[in-house]
Each structure stands twice: as C-alpha cells, then as structure tokens.
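**Q** Given next are the chains, with one letter for each unit.
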Amino acid sequence: MNGVLTTLVDILSQPAILVAMIALIGLIAQRKNLSDTMKGTTKTFVGFLVIAAGAGILEVSLIPFGTMFQEAFNVAGVVPNNEAIVALALNEYGSSTALIMFFGMIVNVIIARFTRFKYIFLTGHHALYMACMLAVIMAVAGFTTIPQIAAGAIALGIIMTLSPAIVQPFMRKLTGNDNVALGHFSAVGYALSGLVGKAVGGKEPTSTEEINFPKGLGFLRDSTVSIALTMVVMYFVVAIAAGPTFIEAELSDGTNFLVFSLIQAGNFAAGVFVILAGVRLVLAEIVPAFKGISTKLVPNAKPALDVPIVFTFAPNAVLIGFFSSFAGGLFSMIFMALAGSTIILPGVVPHFFTGAAAGVFGNATGGVKGAVAGSFVNGIIISFLPVFLLPVLGDLGFANTTFSDADFGVSGIFFGSLANFAGPIAIVISLIVILVLMAIPFKKKEKTA
Amino acid sequence: MKILAVCSSGLGTSFMVEMNINQVLGELGVTGVEVSHSDLSSASPGDADVYFLAKDIAEGGAHLGEVIVLDNIIDMDELREKVRKMAEERDLI
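Chains as they are written, first to last, in the UniProt record's numbering: chain A, 1 to 449; chain B, 1 to 93.
Just so you know, the hints here were simulated from the structure itself, not pulled from any lab data. Worth double-checking, as some hints may not be accurate.
[To be verified] Dumping the calculated PhoX-like pairs for lysine-lysine here, alpha-carbon to alpha-carbon at most 25 Å:
(1) B/Lys2 with A/Lys32
(2) B/Lys2 with A/Lys43
(3) A/Lys32 with A/Lys291
(4) B/Lys2 with A/Lys291
[Said to hold, decoys possible] Okay, the calculated beta carbon distance ranges per label pair:
(5) A/Thr255 with B/Gln23: 33 to 41 Å
(6) B/Val67 with A/Thr145: 46 to 54 Å
(7) A/Thr145 with B/Asp47: 36 to 44 Å
(8) B/Thr31 with A/Phe331: 53 to 61 Å
(9) B/Glu89 with A/Ala199: 44 to 52 Å
(10) B/Glu66 with A/Ile211: 44 to 52 Å
(11) B/Val69 with A/Asn91: 34 to 42 Å
(12) B/Thr31 with A/Phe398: 52 to 60 Å
[Said to hold, decoys possible] A short list of chain A residues far from chain B (calculated; beta carbon distances all over 12 Å):
(13) Ala29
(14) Glu59
(15) Asn177
(16) Ala339
(17) Phe352
Nothing here was measured: the structure is a model prediction, and the numbers come from that model. Each residue gets a CB set at the ideal place from its N, CA and C atoms; glycine is no exception.
The following block holds chain B by itself, in its conformation from the complex (with noise of 0.2 Å):
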C-alpha cells in the first residue's frame, strides 16, 4: 500500500507529513507502507491509495481519490488519530 503526502510545493511541508505519517506508522506496528510526498501538481489519482492534504488545499486535491485532510499540519495527536484510523480501516493493524 502507498501513502502519498501532499502541499502545495511539494518540498518542506509535504515532506514533514511524511515523516510524521512514518513515525505514527512505526509506532503503530504497521509494516509495508510506502510514504512519499509531492507538489499538488505532480499528485495524481492512482499514484498512491491514500493522500494525506492540509486544509488550505484540501479543495485542489479532492480529485485524487481516497483524501485525509488535515486540519492542523503541526499537530501530531490529530495526525496520529487519522492514521490509526485509516489503518484500522484497512485491517494494517
């Protein structure tokens, strides 16, 4: 399964969500996930099963497909929250 994070440059933001998904994931048990990230225009349906977005451009990536939205990029509860349940979802965990 590949879990792609996505801002609006595709450099520094997108690129924290990844690493913070990572940690959450390692935290979780969660073996066999490929996190990457990428600039809103790169991104396309079919390049990853989940997108993780933020807010603000949440309405620019709603094509994608299966899309998290993250209300607050910094917070790490919430994160950790949406990847549980995305996980739980999936039967990772």
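Chain A extracted, bound-state conformation (with noise of 0.2 Å):
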C-alpha cells in the first residue's frame, strides 16, 4: 500500500508527468478520438522536458554574464526575460506551477462565469509564467504544499481575470467594440500609458500613423534575431568593461573574450527558442481545451488574447512605442548605476512587446505625444518594478534574470509585501477581500458596453 502511495507522490512531483495529464483531462473532455488524445498528451509531455532542457542553455549562458557584471561594475546586473526566469524556476516549482496554472484557469472560468468580469485568459504561455510566478511568491511566503496550491490558484485567476478588465476601456477605444479584451500580463503598464496619453495629448492629437515612418526594421519583430543582437551589444559592453584578462583566465579557459561573449549571447537567444519550442508544445492541447469549456460555460464571455492583435491597429506607434520604452529603460538603468542599486538591464522583448502595446495605447488618447510619453513612462516601470520584485522572489532573485513585464511586478510586489507584513494569513486574506469587492454587481458599465 505505501508503495503505491509512494509511487502516486512520484508520478505527481514530476510536473511532465502532471502537465500531460492535465491535457489528457482535457483531451479527454472534450471527446477527442484516441489518436489526438495519444498525440497531445505525448506531445505536452516532451514540451515540458524541452522547456527543462532549454533551461540548462540559458543557464550556461546566463552565469558567465553575471559573473562578468559583478566583476565590471560591482553590482549585481539582472536582464529581466519571462521565459529565462520560468525555465530556472520550473526546476524547483515544476509540479506547484503546472497545478496552479490548472485550477487557476477554472477560478478564472469561476469568476467569469458569477461576476461581471467575463474576461476568459486565453494566453496561454503568460498564464503559465504567473503560475510560476505565483508559485514562487506563496512558497516564499510560508504556505505548505496544499495552501499553497490553492492560494496560487485563486490568486491567478484573480489576476486572469482583472489584468484585462484594468485595459479594457482603452481597448474598447481602440477597437471600437467591447467584444475583444487583451489577455498580455503588462496591463498596468498599458493603462498608465493611456492615461498618461490622454494628460499629454491635448485636444486634436496627430496620430501616428499620419507620419511617415522608414521601414526597415521589421527584422526586430522576429525575435530571435532581436534577443541574439541585443545580447550581442550587452555581452560586448560587459565583456569589455570587465576586461581580457579576468574572463579569459576565469570564465573562458583560454578563448578570446570576445569570442567567448559572442557564442554565449547566442546561447542566450539559443535557450529562449528551445524553451519556447517546449512552451509551444505544452501549450497546444490545454489552450484549446480551456477556450472549449470556458465558452460553453461561461454566456457573453470575453477572449482577452495575446498582446500583438492591438499591434495592427497602429503599425508606426508599435516602433515608436518599443524606442520609446527602450528609451525609458536606458533612462532608469543609469538612474539605478548612480544609485548604487542592483541594476535592471533593458531587455529587448520585453520592451519590444510592452513598448510597442503601450505605444499603441497611448497613440489612442493622445497620438503622437501619448506614444512617446506613455510608453517612455511604460520603460521605466518595468525596469523599476523588478528592482522590488527581486527580493520577494527568494534564491530566485539572485538568478540574473526575473520576470519582465508589468503585472508580474505589481502582484508579485503586492503578495510578496503582504507576506513580509503579516505572513501567509495576510495574502488569504487579500484574497477574500478581492474576490468579495469582484462580487459586487456594479452596474454603471453596462451602458457603455
């Protein structure tokens, strides 16, 4: 009997194994055919163990860098990547994440389903780095395996739920109907834009797409060309700054610096496209299975998807957007050198993708002006968020990289806080205050709608 028991502990601590039974839940209920089912539970199954692959690339790639920046500069340099952080979290928190991104999902149906948020979650790769996320924050916290389940996963469906209710009425204005949300985990960072579009903008703001802008860049929207050369630019900066003589003898075994930094920056945009091959992989049968239920049970509810369907509405505030927030993130970087404190690195796809979403935003409410000022103020809270989010996110703050985008900070501040304050009855707390304020059937919307 106890070797069952055992056995069944074993099967559930491996999060391959959890993850592909998930789908197989999934496959199942919704009836698929045996040779569907066989395939996609195969297949989640050797995604998660393409993203645990892809997570020793980064890591030979990610350590050599730190090392340099800290012998450079003398502080710590992180580069904020989502699916960089993910890969070395799962490692730990593989079963935790993959449990709290499934019941997360159903709290998300939930409270769609009973209160007047109707927004469904349907991007699937940054529900499952919240879950991560989330997984992180509540171990930190002091929550035991269950609670911490549990806690995680109310808390992500919250967060699934709220993150594109905060964007909607800025989406509504840019797409002129209120029956698509977007579902990107940088909503804050969006919806300030808006706002700081529409102080700036004045009366009749000229939209961006009334210039005339060079093309030519477009090889910054395939991103693995764009991580490999800014982490090209980087690894060169540091590489120099730390010198010849300390890398070659300590880091490179000989090889030239240069060489040595040259194949490592690949190595980087060689871990993001291997994990995001396995994030791919696991991704393909529980999204399709979580849009199948949620539609059936949930009348009226809302998609909010990925962040690139807002990209098409203003092609030229989407380049304007990623210089201005890069901009913004250069700004913040030499702010926090001549502070002296752990320096965030702008890293190129999240300021690509968030920049660029929030240069479309502001070019709503204030054109031209709002592009550039909200998505410049967009740059600089993602890079300031991180600075607060690292030292809640315990041994994983110090792994030269974390999460990037905006929403990722604030809730990860916003529990990790709550847990310093007053331990783990705090954040439940929370928790029911939430969900009880979500309850509350308001009405003034409806009008709108």
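Work from the hints to combine the two standalone chains into their complex.
**A** Structure representation (structure tokens):
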C-alpha cells in the first residue's frame, strides 16, 4: 500500500507527467479520438522536458554574464526575461506551477461566470509564467504544498480576470467594440500609458499613423534575431568593461574574451528559442481545451488575447513605442547605476512587446505625444518594478534574470509585501477581500457595452 | 494539405488564428486539413501549403510561399472570407 502511495507521489511530483495528465483530462473532456489524445498527451509531456533542456542552455549563458557584470561594475546586473526565469524556476517549482495553472484557469472561469468580469484569459504562456511566479511567491511566503497551490490558483484566477479589465476601457477606444479584450500581463503599463496619453495629448492629437516612418526595422519583429543582437551588444559592453584578463583566466578557459561573449550571447537566444518550442508543445492542447470549456460555461465571455492583436491598429506606434520604452529602460538603468542599486538592463523582448502596446494605447488617447510619453513611462515602470520584485522571490532573486512585464511586478510585490508584513494569513485575507469586491455587481459599465 | 499560422513569437496570436481557422474550416465542412502555428524564425517554405500572417509581419514572411495576410487578426468575418476563398481555389468545398 505504501509502495503504491510513494509511486503516486513520485508521479505527481514530476511536472512533465502532471501537465501531460492535465492535457489528457482536457482531451478526454473534449471527446477527442484515441489518435489525437495520444498525440496531444505525449507532446505535452515531451514539451515540458524541452523547457527544462532550454533552461540548461540559458544557465550556461547567464552565469558567466552575471560574473562578468559583477567584476566590471561591482553590482548585480539583471536581464529581465520571462522565458529565462520561468525555465529556471520550473526546476524546483514545476509541479506546483502546473497545478496552480490548472486550478487558476478553473478559478478564472468561475469568476467570469458569476461576476461582471467576463474575461477569459487565453494567453496560455503568460498564464503559465504567472502561475510559476505565484508558486515561488507563495512558497517564499511560507505556505505549505496544498495551501500554496490553493492560494496561488485563486490569485492567478483573480489576476487573469482583472488584468484584461484594467485595459478594457482603452481596448474599447482602440477597437471600437467591447467583444475582445487584451490578455497580456503588462496591463498596468498599458493603462498607465493610456492615461499619460490622455494627459499629454491635448485636444486634437496627431496620430502616429499620419507620419511616414522608415521601413526596414522589420527584422526586430523576429524575436530570435532581436534577442541575439541585443545580447551580443550587452555581452560585449560588459566583457570589455570586465577586461580580457579576468574573462580569459576565470571564465573562458583561455578562449578570446570577445569570441566567448559572442557564443554566450548566442546561447542565450538559443536557450529562449528552445524554451519557446517547449512552451508551444505544452500549451497546444491545454489552451484549446480551456477555450472550448469556458465558452460553453460562460455566456458573453470576452476572450482576452495575446498582445500582438493590438499591433495592427497602429503599426507606426508599435515602433515608436518600442524605441521610447527602450529609452525609458536606458534612462532607468543610468539612474540605478547612480543610485547604486541592482541594475535592471533593458531586455529587448519586454520593451518590444510591452513598449509597442503601450505606444498603441498612448497613441489611441494622445496621438504621437501620447505614444512617446506613454511608452517612455512604461519603460520606466518595467525597469523599476523588477528591483522591488527581486527581494520577494527568495533564492530566485539572485538568478541574473527575472520576470519582466508590469503585472508580474505589481502582483508579485503586492503578495510578497503582504507576506512580509503579516505572513500567509495576510495573503489569504487579501484574496478573500478582492473576491468579495469583484462579486459586487456594479451596473454603471453596462451602458457603454 | 497543411496550413500554418505565423506570428512573431509563435505563442499566442498564431495560436488564436490557428484555433479560428479550425473553427472556420469546421463551419465550412472542410476536413483533412492540418492546421498548426509557429514563430516567424522557425517557419520555412515547405512547412505548409498556405501561410496565414498578420499584416505587421507580412513583409518578414513574404518568402514563405503562398501567404494570406490578415489585416485585422481579431476579425472573424475577414478570416472566414479568406479561408473560404482559399478552400474554393483548392476545390475543398
């Protein structure tokens, strides 16, 4: 009997098997045939192991970067990248992440079914990353296994419903209807950009789409290219600052320091590429199942979709937003260096995606001025939030990389500070209070719908 | 026959387009079409017979072969129209 129990625990503590089982349940619930069920379950299983393999590649690249940065500037340098931090965190928190994601999606459906927040969060990779961060935060806060998963899942469900809700007023303005929502965990940055746009835009703002923008920056949309190129630049700057003597003696085993840096920068992009392939395999079955089930259960559900859905509304604002947000990141970096805190380096992926969307929303409310100012503010907040997020992540706060987008910072700092203030009980109380507030049926928004 | 939906990271948007294409194919009663999704870096000519791309990455994916560009990726009517046209050209319906 005991043998059976230990085997069962062994199975459930293997995240790869766990997510495969979640996929299996989803596929059976959709009454897929045997062939599809086998295919989907196996792919999910292998996908999780691919993520772990990608984490290995990333670690090889990030550790020497951290060492060089420390040697050169005497402070820790952090490159925020969701894929990197999640892959590293999954080594320890894989099972709780999988369970928090699974139950969090159920909580999302329940909240959407019974409150006025009809948002179903369909951006699977962000749900996975948020589940992972919550697993870490709840564990660091002192929850044991089952309460950790329960608190994490409820928090995830709440965040999945509230994040689209925050941006929805601006989505309505942008898309002209109320049918689609934005499911991307940097909503705080987007809403702020929309507000800043409103403040600076004046009465009749000029839209970014009225100006002619030079083409030829399209290669930046290819994430492998943009990650590799920026990491090469960052690596070279840090390597030159650390000096060839140190690198060739301590890290590269005699290989020329710039060649070594070039390869490590490439390794970073390679690691992200592999992790993305794994994430794609894992989500391929879970998201359609979630979509199918939730549309049946929630009448008038509004799907919250991934961020590029807003890019086509203002392609010029996308590029302006990226550059302006990146400028905000550089500005913040210089400020941090002068202040002597941990330095958050501007990661190209978060600045591209969140900066671009902030640009689109800033443009929608305040034209060119709004796009520039709004995404600059976005760049500053996604630089400073990680500084305060790092201390609540426990050991993962020292990983040279961290969660990048605004909502990760806001919710992580929120729950982490509550835990520091009064332990797990403070988190439990806050979750209950938020749920009660969300359950109050306001009517005032109905007219605009 | 194979259809590939492509977006810049291959995670969310292309996945949504894939699910929507599947839905439209179901409405049209077309069977035997395999739909999947991918990022712009991994997608290469020969992966599929037809590629669906959003307007903003249309240039980056022009080399793929038969590319159908979606002006508004959340507009189901546009997608329905373009999938129907594609299916008719290939005698699937």
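**Q** Which of the numbered hints above does this structure break?
**A** 5, 10, 15, 17
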